[in-house]
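A.B. asks: Position in the sequence shown (from 1) plus 405 gives the number in my numbering.
Be aware that one or more of the hints could be misleading.
Here are the simulated DSS-like cross-link-like pairs (lysine-lysine), alpha carbons at most 25 angstroms apart as the crow flies [unchecked claim]: (1) K478 to K498; (2) K867 to K921; (3) K456 to K498.
Computed Cβ-Cβ distance ranges for the label pairs, DEER-style [as the list claims (entries may be wrong)]: (4) L828 to D658: 14 to 24 angstroms; (5) R735 to P623: 24 to 34 angstroms; (6) D955 to P832: 51 to 61 angstroms; (7) L918 to S710: 52 to 62 angstroms.
Because the hints were derived from the structure by calculation, they are not lab data. Note that the coordinates shown come from a computational prediction; the quantities given were computed from them, not determined experimentally. Ideal placement from N, C-alpha and C gives every residue a C-beta, glycine not left out.
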Amino acid sequence: MESLLRNDFAIAEDELRKAVLYQERNGGNLEKILVSLGALSSEQLPHIYSKVFALPFYEDAQASEELWGSLSKELQSSLLAHNILPLHNTDKKLTLLVQDPTMPALNELLIRLPKLLSQADVPVNELQVSLASEVVFERIKKQLQAHAPVSNTSGLSVFEEDRLREMASEAPTVNLLNTLISRGLRRRASDMHIEPSSGRGRVRYRIDGVLHETDSIPILMVLPIVTRLKLLASMDIAEKRRPQDGKIELRVDGKDVDIRVSALPVSGGESVVMRFLLQESLEYDVAKLGIEADIEADLMLDIASTSGVVLLTGPTGSGKTTTLYSFLSRRNESGIKIITIEDPVEYQLEGINQVQVQSDIGYTFAGALRAVVRQDPDVIMVGEIRDFETASIALQSALTGHLVFSTLHTNDAPSAYTRLLDLGVEPFLLSAAVKSIVAQRLVRQLCPHCAQLDETAADIVKNLQMSWLSTLLQEQPTYKKAVGCEHCANTGYNGRIAAIEYMRCDDDLRALLGNKNFLIEARQLNKSKGRRTLLEDGVLKAMKGITTIDEVVRVAG
């Protein structure tokens, strides 16, 4: 290269020496360094490359518009973005005009190009890379641009997308993802999070409602892993600017698992969350929920009713759906027709008709509920009451001889009333239709293998002014604390149970509807009837040694 530049292009010896010294210190192409130093014109580069790489040089050329028109718009955009211009295809020999044959990605692009061309029904046996002056190259590029989109809305060229697919299918990517999923399932995780963070991929598992960071993957593996998840979930791997959702069905460690996948663009890449749905891991039995005996007795009366509305309240992740499924299972028998309306249907229940809401086509909870009522059901479950229309139809259905279960997002049981009133529901309809309201939280159960007695918990309960709860026990309180062992992945906890606040909608409560201080008065009324708040129910469980005071305060405090 040096002798060519010195002899054929008359580069001065001192300029050449400066360029070589710079190249030794910083790397780079010698000819481009000379252009930067002003010792060489960029117009001379195609002539240099033609001699160095023995490539044809076109003093003038025309591109075949017929060939160009046969290519997909995505391929056209990709070729233009990489400054690769197809001139003509003669006897299956495709001539390509390039501006810079030293481009690092050129060889890989040329390897992939025949496959992409074959998909466009352009038969090619040989590729010929050629060069031309800047003037000729720019003229042909403008000619082709006039017949092609200049922007790529996906953000990725077809070359890059093709490469991503290959990376996602390579053994290291497949094995790593399978290992992460298997590890999460062994740890009883409900969710797995993969996030780009500080030059690495942070992997966190949600176990019993709490996130644990236990794994980390190289940052270079994050994109292949995310791409593989998108491919498995039938998502667009080229779309990185908008949130996406999908579903994967896998068999891992001998178990069939459905995975809900959510991808969210964040700074530095995409955050992906996987929700593991294991049909066999759930038991829909009221007795397994950990509900105290006095509350369970009241609930069983409500569940056995032929009409009315039973509402469950609580934030996302508080176990409302599992509790509703347990209620439905208690009523699931051949003489009872049960229909659910859900978004989405996550678990299939034997003997129950489950309806999937399709909001994108206008098939909402309210629309589905209208249709369901005409199916002559005995029991209806509405996944969530979000608006006046759904609330109104659900309550009216209860008045016409249907038992309706549904959920609301409120902090406690009395707030469910005010929430429905805020939606526009008439007080008389609430008074006539609602049977009971259950507020719920999930608290972690202590691991039976490592839990130890806690000598400080009694003082905390005393400070909370809840020592009176011990009168509800047949024995002395047994407070315990979490320690951690191999059986519970060193968390100190294993599984979760429900802390419950129960409110019966009787005549006394109905008399308070419309009062200015309804929430305060409703809570006082519930307490006067011997019913507990969420925090009190949790403390009662801590007194029994089922969970810890710290956990109860964290969840319900």
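A.B. asks: Give a verdict on every hint.
C.D. replies: Hint-by-hint comparison with the structure:
1. K478 to K498: Holds, at about 22 angstroms.
2. K867 to K921: Distance of about 33 angstroms is beyond 25 angstroms: violated.
3. K456 to K498: Given pair K456, K498 holds - Cα atoms ~22 angstroms apart, limit 25 angstroms.
4. L828 to D658: 14 to 24 angstroms: violated (45 angstroms)
5. R735 to P623: 24 to 34 angstroms: Violated: the Cβ-Cβ distance is about 49 angstroms, outside 24 to 34 angstroms.
6. D955 to P832: 51 to 61 angstroms: violated (41 angstroms)
7. L918 to S710: 52 to 62 angstroms: violated (21 angstroms)
When the structure is compared with the earlier hints, violations turn up for hints 2, 4, 5, 6, 7 and for no others.
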